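Peer 1: Once you've looked at the hints, dock chain D against the given chain A.
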Amino acid sequence: MSFNIEEGRYIILGSIDGLLATLGIIMGVSVVGASNAIIVSAAFGGAIALALTNGLGSYLAESTIEHGKLAITEKSLLRKLDNTYVESQSRRKIAKDAMSSGGASFIGSLIPLAPWIFSVGSVAASVGLSLISLVALGIYSAYISRQSYAISVVKMVGLGTLIVIAVQLLRIGHLVQ
Amino acid sequence: MSQIKRLVLDVLKPHEPTNVEVASAIGDIRDVDGVNLSLYEVDQQTENVKITVEGIDVDYDLVLQTIENLGGVVHSVDEIIAGKKIVEEEETLHDRG
Chain A
1 MSFNIEEGRY
11 IILGSIDGLL
21 ATLGIIMGVS
31 VVGASNAIIV
41 SAAFGGAIAL
51 ALTNGLGSYL
61 AESTIEHGKL
71 AITEKSLLRK
81 LDNTYVESQS
91 RRKIAKDAMS
101 SGGASFIGSL
111 IPLAPWIFSV
121 GSVAASVGLS
131 LISLVALGIY
141 SAYISRQSYA
151 ISVVKMVGLG
161 TLIVIAVQLL
171 RIGHLVQ
Chain D
178 MSQIKRLVLD
188 VLKPHEPTNV
198 EVASAIGDIR
208 DVDGVNLSLY
218 EVDQQTENVK
228 ITVEGIDVDY
238 DLVLQTIENL
248 GGVVHSVDEI
258 IAGKKIVEEE
268 ETLHDRG
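Protein chains in written order, with our numbering: chain A, 1 to 177; chain D, 178 to 274.
So here's chain D without its partners, still in its complex pose:
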């Protein structure tokens, strides 16, 4: 299995723990170099956040376990970058249309 360099997750979570606590907890996972957590929707009981995790060898199961332990649910894995180097998404003709 090649190493995961970047994960972008769509997560539904309760208001507590706060987004600061969630980002900090994910940042504490071994081999995670950085975390970006963006809030894009707030409901009465929950909020939707996009979490981007980067590292040399990100352990997806550990990230998932941490999010679930904090009361979150991963709705979808929106982007994964794995392998020896980071490969960015290329724009195609379809995207331009």
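Same shape as in the complex, but just chain A:
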């Protein structure tokens, strides 16, 4: 199986962002006793915003880097590379990375949101699905990096657990007030 490491980076980055940020929104909104519709609406809005910001952010960042690389190569070749295969490959990479980042973020956002979309919403179900997804992301990450699957999964799930605890602490803080 061939895969692009650069794309893998954006898939992991976007997925974690979408997954955990949306989980945070769901946990935060559910504490005030919001209805299913309000939670879906808030989390879906967050998912769209995250997908757009991740996609556009990656597009802008990759554009900067790719055009910088092209400029350095042009200087070495003493020629412009406009309208060449090299430039088209560069543009293709920018678009693919932006799509990977934005798309992965949106798909990641839908995972904790799924139980609420199907009206069986519970924070525990969202947390459970998110942790299962983080295990899958950990395996994917280890596959790309050729590192230990166990360590990669523990790191991913550990990160997710930390965020769940942090948001849970905020919920407790809110309830105390």
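Heads up, a few of these hints could be off.
Restricting the straight-line Cα-Cα distance to at most 25 angstroms, the calculated cross-link-like pairs of lysine to aspartate or glutamate (DMTMM-like) are [said to hold, decoys possible]:
#	chain 1	residue 1	chain 2	residue 2
1	A	Lys-93	D	Asp-220
2	A	Lys-80	D	Asp-238
3	D	Lys-227	D	Asp-255
4	A	Lys-96	D	Glu-193
5	A	Lys-75	A	Asp-17
6	D	Lys-227	D	Asp-238
7	A	Lys-96	D	Glu-198
8	A	Lys-75	D	Glu-218
9	D	Lys-227	A	Glu-6
10	A	Lys-96	A	Asp-17
11	D	Lys-261	D	Glu-224
12	A	Lys-93	A	Glu-74
13	A	Lys-80	D	Glu-224
14	A	Lys-80	D	Asp-255
In case anyone wonders, no lab produced these hints; they're calculated from the structure.
Only a predicted model underlies this, so the values are computations on that prediction, with no experimental measurement involved.
Peer 2: Showing chain D alone in chain A's frame:
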């Protein structure tokens, strides 16, 4: 204009596309029978290659256009063989010295 049978080009190109892709793209040009691409210098951003193209009627403009589209620059045309048959370079007294 007589037909070009062989072209030897000194080309400066970026690392991407790879030499395999460049050789393959030139090989796909019509009337090109074979391509030899030899790498002889690698720098941080670029590499120098010698490209030998052979065919019954090699279209120089098309070869040049393909190389330029792939980001390369033809530094020099080191050898051209044109006409009805392939004539190899003869060694002269000057070469022996």
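Peer 1: Lys-261/D and Glu-224/D: Cα distance at most 25 angstroms?
Peer 2: Distance ~34 angstroms between Lys-261/D and Glu-224/D Cα, so the pair is violated.
Peer 1: Within 25 angstroms, alpha carbon to alpha carbon, are Lys-227/D and Glu-6/A?
Peer 2: Since the Cα atoms of Lys-227/D and Glu-6/A sit roughly 32 angstroms apart, the hinted pair is violated (cutoff 25 angstroms).
Peer 1: Would you mind confirming whether the straight-line C-alpha gap from Lys-93/A to Asp-220/D stays at or under 25 angstroms?
Peer 2: The hint holds at about 24 angstroms.
Peer 1: Holds or violated: are the alpha carbons of Lys-80/A and Glu-224/D at most 25 angstroms from each other?
Peer 2: holds, 17 angstroms
Peer 1: If you draw a straight line from the CA of Lys-75/A to the CA of Asp-17/A, is it 25 angstroms or shorter?
Peer 2: violated, 37 angstroms
Peer 1: Given the hint that Lys-227/D pairs with Asp-255/D, test it: the Cα-Cα distance must not exceed 25 angstroms.
Peer 2: At roughly 9 angstroms apart (the allowed maximum being 25 angstroms), Asp-255/D and Lys-227/D satisfy the hint.
Peer 1: CA of Lys-227/D to CA of Asp-238/D, is that 25 angstroms or under?
Peer 2: holds, 17 angstroms
Peer 1: Would the hint linking Lys-96/A and Glu-198/D be met if the CA-CA limit is 25 angstroms?
Peer 2: holds, 21 angstroms
Peer 1: Regarding the pair Lys-96/A and Asp-17/A, is the alpha-carbon distance no greater than 25 angstroms?
Peer 2: Given pair Lys-96/A, Asp-17/A holds - Cα atoms ~18 angstroms apart, limit 25 angstroms.
Peer 1: Holds or violated: Lys-80/A and Asp-255/D, Cα atoms, limit 25 angstroms.
Peer 2: This hinted pair holds, its Cα atoms lying about 24 angstroms apart.
Peer 1: Quickly compare the C-alpha distance for Lys-93/A and Glu-74/A to 25 angstroms and report which way the hint goes.
Peer 2: Satisfied, since the Cα-Cα distance of roughly 18 angstroms is no more than 25 angstroms.
Peer 1: Within a Cα-Cα threshold of 25 angstroms, do Lys-80/A and Asp-238/D meet the stated pairing?
Peer 2: holds, 19 angstroms
Checked against the numbered hints above, the structure breaks hints 5, 9, 11 and satisfies the rest.
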